[in-house]
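Numbering (our numbering), first residue to last: 1 to 798.
Any given hint could be a false lead.
[What the hints assert, rightly or not] List time: in silico BS3-like cross-link candidates among lysine-lysine, alpha-carbon distance up to 30 Å: (1) LYS754 / LYS782; (2) LYS310 / LYS271; (3) LYS213 / LYS128; (4) LYS264 / LYS310; (5) LYS310 / LYS391; (6) LYS203 / LYS303; (7) LYS138 / LYS215; (8) LYS310 / LYS347; (9) LYS387 / LYS347; (10) LYS203 / LYS125.
[What the hints assert, rightly or not] What follows is a list of derived Cβ distance ranges for each label pair: (11) ARG154 / ASP199: 53 to 59 Å; (12) ASN88 / GLU426: 28 to 34 Å; (13) THR442 / LYS591: 31 to 37 Å; (14) ASP609 / LYS649: 23 to 29 Å; (15) THR631 / ASP564: 49 to 55 Å; (16) PRO548 / THR598: 26 to 32 Å; (17) ASP564 / LYS623: 19 to 25 Å; (18) ASP609 / GLU441: 20 to 26 Å; (19) LYS215 / LYS264: 43 to 49 Å; (20) THR750 / PRO617: 30 to 36 Å; (21) ASN390 / GLU87: 50 to 56 Å; (22) ASP618 / LYS543: 40 to 46 Å; (23) ASP199 / THR442: 28 to 34 Å; (24) MET267 / LYS96: 38 to 44 Å.
Quick caveat, the hints were computed from the structure, so don't treat them as lab data. As the structure is a computational prediction, the values presented were derived from the model and not from experiment. The beta carbon of each residue, even a glycine, is placed where N, CA and C say it ideally should be.
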Amino acid sequence: MPFQLPAFFSRKGKGFKTPFSNSFKPSAKIIAVLLLLACAGGPADLNEFTSYFLPESSDTQPGDGRYHYTQQFLYLDEYSDSLRLAENTNAEAWAKYAGVSNEIAYNYFYAESANNTLPNRLMLKGNKAAIAYLQFAKTVDKAYQPATYAWEERRKDSLVLVESYEKAKQSARVATDGFLKERYGFQAVKLAMMLDQPDACVKLYDELIKPLKTKSFISDWAYARRAGASMAMGDTAKAIYEFAQVFERCPSRRREADLSLRMKGVMFQEKALTYCQNDAEKAAVYALCAIQPFQDGLPFLKKMVKLNPKNNLIELIAAREINKTEYYSLGEIPYTEDTLAFEAHRKESPSYFEQLQSFTAESAENKTLNNAAFWYTAASYLAYVNKDYNKASDFLTKAQAQPTQNNYLKQQIALQQMLLLIAKQETITPEFETQAIGMLETFGGSDNFRLVNAYTRACGLLAKMYRGQPLDDKKSGGFLSSCGKKSEEVPATHLAKAFLLEAAASWQSRPQNQDYSPIFATNKDRYAIEDSASTENIEQVIKYFQVPTPTDFDKRLMKLSGVDTDYLYVVLGRKYLVQHQYAKAAEAFVKVTHTHWTAETSVFPTYFDENPFHLTPDNGESKKHTFTPATFAKRMTELESQMNKGDAKAAYLLGCGAYNIGYWGNSWILSQRQRSSAEYQYMYPPRDLSGEDYYVVTKARTYFEKAMQTKDAELAAKAAFGAALCEQSAFFIYQANEGRDLGYGEDEQTAFQKRMSAEEKKRLGKYFALLRSKYATTQYTKEVLEECSLYRDFVGGE
Numbered sequence: 001m002p003f004q005l006p007a008f009f010s011r012k013g014k015g016f017k018t019p020f021s022n023s024f025k026p027s028a029k030i031i032a033v034l035l036l037l038a039c040a041g042g043p044a045d046l047n048e049f050t051s052y053f054l055p056e057s058s059d060t061q062p063g064d065g066r067y068h069y070t071q072q073f074l075y076l077d078e079y080s081d082s083l084r085l086a087e088n089t090n091a092e093a094w095a096k097y098a099g100v101s102n103e104i105a106y107n108y109f110y111a112e113s114a115n116n117t118l119p120n121r122l123m124l125k126g127n128k129a130a131i132a133y134l135q136f137a138k139t140v141d142k143a144y145q146p147a148t149y150a151w152e153e154r155r156k157d158s159l160v161l162v163e164s165y166e167k168a169k170q171s172a173r174v175a176t177d178g179f180l181k182e183r184y185g186f187q188a189v190k191l192a193m194m195l196d197q198p199d200a201c202v203k204l205y206d207e208l209i210k211p212l213k214t215k216s217f218i219s220d221w222a223y224a225r226r227a228g229a230s231m232a233m234g235d236t237a238k239a240i241y242e243f244a245q246v247f248e249r250c251p252s253r254r255r256e257a258d259l260s261l262r263m264k265g266v267m268f269q270e271k272a273l274t275y276c277q278n279d280a281e282k283a284a285v286y287a288l289c290a291i292q293p294f295q296d297g298l299p300f301l302k303k304m305v306k307l308n309p310k311n312n313l314i315e316l317i318a319a320r321e322i323n324k325t326e327y328y329s330l331g332e333i334p335y336t337e338d339t340l341a342f343e344a345h346r347k348e349s350p351s352y353f354e355q356l357q358s359f360t361a362e363s364a365e366n367k368t369l370n371n372a373a374f375w376y377t378a379a380s381y382l383a384y385v386n387k388d389y390n391k392a393s394d395f396l397t398k399a400q401a402q403p404t405q406n407n408y409l410k411q412q413i414a415l416q417q418m419l420l421l422i423a424k425q426e427t428i429t430p431e432f433e434t435q436a437i438g439m440l441e442t443f444g445g446s447d448n449f450r451l452v453n454a455y456t457r458a459c460g461l462l463a464k465m466y467r468g469q470p471l472d473d474k475k476s477g478g479f480l481s482s483c484g485k486k487s488e489e490v491p492a493t494h495l496a497k498a499f500l501l502e503a504a505a506s507w508q509s510r511p512q513n514q515d516y517s518p519i520f521a522t523n524k525d526r527y528a529i530e531d532s533a534s535t536e537n538i539e540q541v542i543k544y545f546q547v548p549t550p551t552d553f554d555k556r557l558m559k560l561s562g563v564d565t566d567y568l569y570v571v572l573g574r575k576y577l578v579q580h581q582y583a584k585a586a587e588a589f590v591k592v593t594h595t596h597w598t599a600e601t602s603v604f605p606t607y608f609d610e611n612p613f614h615l616t617p618d619n620g621e622s623k624k625h626t627f628t629p630a631t632f633a634k635r636m637t638e639l640e641s642q643m644n645k646g647d648a649k650a651a652y653l654l655g656c657g658a659y660n661i662g663y664w665g666n667s668w669i670l671s672q673r674q675r676s677s678a679e680y681q682y683m684y685p686p687r688d689l690s691g692e693d694y695y696v697v698t699k700a701r702t703y704f705e706k707a708m709q710t711k712d713a714e715l716a717a718k719a720a721f722g723a724a725l726c727e728q729s730a731f732f733i734y735q736a737n738e739g740r741d742l743g744y745g746e747d748e749q750t751a752f753q754k755r756m757s758a759e760e761k762k763r764l765g766k767y768f769a770l771l772r773s774k775y776a777t778t779q780y781t782k783e784v785l786e787e788c789s790l791y792r793d794f795v796g797g798e
């Protein structure tokens with residue numbers, strides 16, 4: 001379905017010229033994206049891709065959420081980004097040293113309006129050495145201020161830095177206070193790198209930091225600078241080893257250690273392991289490399305389990321590998337520079353899923369690993385992906401038997417219960433419906449894209465079950481594969497339930513929060529669902545809503561769907577109007593609650609604000625009107641009956657009404673819920689609209705042609721011009737089709753416009769010729785001559 005603007009973004013089309021010149025041809029995909037963003041509230045999560053496994057179900061340290069798998073540079077995790085580990089750790093250390101509160105220490109170093117409470121307290125205690133260090137550190141910070149943004153220049157006072165460098169080395173060598181000695185040593189190491197002296201940085205670390213008997217996080221901060229020096233001197237393997245140790249043991253420098261590799265695209269080097277002193281250090285190297293982009297982490301993960309099963313990144317990396325394989329296998333191919341590489345990953349995904357299942361199943365039984373609940377859950381999910389539903393159920397049962405305090409893991413277990421329930425169910429029963437609706441209600445309002453993904457998938461699978469469509473093609477090899485063939489005999493209530501389940505999965509049915517409705521890529525579009533539904537299907541849904549004694553499931557499904565009978569009757573009435581079945585449209589519209597047409601939240605007062613029988617030039621019908629969609633449809637029914645009895649005026653008004661409920665008319669809102677002024681030119685994917693009456697208004701033209709048979713010259717002139725409008729509408733669609741592959745060259749554009757101008761006159765010539773020759777003396781033709789430049793050109797040209 002093409003992406004279109006909703007009613008409240010639309011512009012009424014009333015003129016005779018196309019809204020956009022063909023010399024302006026923006027990308028259809030860009031137009032589609034812009035229209036989609038205008039239609040809805042999202043995107044809700046920039047990390048989103050098709051995934052059903054919550055990475056948060058793994059046991060991770062605070063701040064490690066940024067290392068979950070993502071197609072972004074880093075996983076966008078507000079919680080991790082909100083942590084100020086370095087600032088808090090440093091403030092806590094100074095608070096303990098100075099005997100003050102954490103707040104006092106933090107405010108001195110990091111508050112926007114810092115105060116001197118910390119040095120004042122140190123002064124009261126007679127600790128002049130500490131005060132001197134604080135003053136020294138402030139001087140260094142002011143002398144070197146890195147750029148916040150890429151377009152800014154860093155501020156560097158080299159003279160102050162050189163002086164501070166010498167002072168830091170001297171103070172570190174003579175200080176007797178261990179707390180201050182370590183910090184002066186760190187400052188010396190840091191200043192060496194600021195002055196672009198990586199070799200001196202390494203030597204100073206070995207002289208001033210390494211020999212310290214008591215080390216704190218400050219020594220790790222210095223070690224991180226040493227790792228940067230190794231990278232600067234070209235020893236990448238050693239830098240990998242050193243950054244890995246920082247990442248493993250220093251939470252307050254974990255992010256910087258990762259970024260030092262990530263920003264340079266550094267990948268695993270075997271040589272890095274030669275610097276390791278023990279198995280735990282080797283596991284740390286594998287861990288840091290496993291979370292880097294563009295390489296498989298499973299081989300590293302297996303080695304980590306053998307070397308150090310207590311490494312706190314093992315579960316995160318396992319979840320990361322599951323998510324990464326989902327990214328390559330489950331969703332559509334994204335816009336990526338290397339499509340061939342993506343396709344290669346996709347082909348490898350089934351085998352990789354199987355390897356991951358074997359690994360997680362083994363890990364669940366590995367007594368050296370903690371958190372069996374996570375491993376059984378992961379194994380269950382992977383068995384589900386691999387379509388081994390019995391094994392998936394067995395693993396999930398074992399997961400449920402394990403204790404866990406992780407709410408995300410509990411949600412993951414519930415998510416898999418829902419997917420497995422549907423996958424294993426052969427027939428629909430009341431008991432099954434009750435179970436399924438309860439699970440859907442649990443996830444329907446979530447703002448977590450993976451839970452929404454699962455909810456949407458479950459709704460879609462259930463809809464297929466109700467339609468009698470198989471959920472899975474066992475020969476296809478992909479667990480998202482399915483056959484689209486309908487069974488021949490499906491109960492009407494089942495078809496109604498299928499429609500409501502798909503509606504429930506739409507972004508329009510998501511709960512809104514302060515006028516903002518977060519949407520996700522896997523959410524369905526209710527507009528597309530209603531467009532594809534037949535009038536028969538909508539009538540089936542209405543009957544389902546009108547069952548005298550609905551079951552508890554029925555009530556819950558109706559609520560979950562987010563639609564009501566007013567909505568359904570409006571959809572039905574519009575569909576009948578498009579088909580020009582006016583009596584049936586009237587019958588549907590009259591059942592809509594009157595306030596639905598007039599409420600402040602209704603689109604009709606704004607977009608149904610002109611008389612649907614009025615045309616320009618003024619055809620004698622007032623612009624103002626008192627119609628509702630119901631009374632309009634009733635009037636069209638009456639006019640059709642009168643026309644069939646030979647009433648030419650009725651045929652003309654019928655033509656006006658049919659034209660105005662089309663794309664080019666003033667009352668398009670009666671037949672469509674949305675309109676964009678450029679949709680017929682730039683809809684994506686492109687489609688030929690020449691056979692769609694909404695755009696080419698063929699039916700309206702037949703009414704005008706009947707009206708032209710009258711002996712009343714004024715009425716005949718109005719009808720002839722109305723038919724010309726219809727012909728022009730069809731021409732605009734023809735022009736859009738012809739210009740779809742038009743180039744940008746000036747000569748090509750000029751030739752095209754010339755050809756289209758001739759074609760337009762040719763197409764409208766039949767009716768314009770009648771106005772010029774047969775009805776030239778009528779008052780209406782004179783008004784057309786005054787107001788329509790195209791007709792004036794036609795008359796002048798002849």
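Between LYS387 and LYS347, does the CA-CA distance stay at or below 30 Å? 17 Å, holds
For the pair we were handed, LYS310 and LYS271, check the Cα-Cα distance against 30 Å. With a Cα-Cα distance of about 24 Å, the restraint between LYS310 and LYS271 holds, given a limit of 30 Å.
Pairwise beta carbon distance, ASP199 to THR442, judged against the given window 28 to 34 Å: 60 Å, violated
Sort out whether LYS125 lies within 30 Å of LYS203, counting only the CA atoms. Distance of about 35 Å is beyond 30 Å: violated.
Are THR631 and ASP564 spaced within 49 to 55 Å by their CB atoms? 22 Å, violated
Check whether the Cα positions of LYS754 and LYS782 lie no farther apart than 30 Å. 27 Å, holds
Indicate whether the distance between the beta carbons of ASP609 and LYS649 respects the range 23 to 29 Å. 25 Å Cβ-Cβ, so the 23 to 29 Å window holds.
Given the range 26 to 32 Å, decide if the beta-carbon distance of PRO548 to THR598 lies inside it. 30 Å, holds
Is LYS138 within 30 Å of LYS215, Cα to Cα? Status holds; Cα separation ~23 Å.
Does the structure keep LYS310 and LYS347 at a Cα separation of 30 Å or less? Since the Cα atoms of LYS310 and LYS347 sit roughly 33 Å apart, the hinted pair is violated (cutoff 30 Å).
Does the hinted range 43 to 49 Å hold for LYS215 and LYS264 at CB? The hinted range 43 to 49 Å is violated for LYS215 and LYS264, with Cβ atoms some 28 Å apart.
When you take the CB atoms of ASP618 and LYS543, is the distance between them in 40 to 46 Å? 45 Å, holds
Comparing the model with each numbered hint stated earlier shows that hints 6, 8, 10, 11, 12, 15, 17, 18, 19, 23 do not hold.
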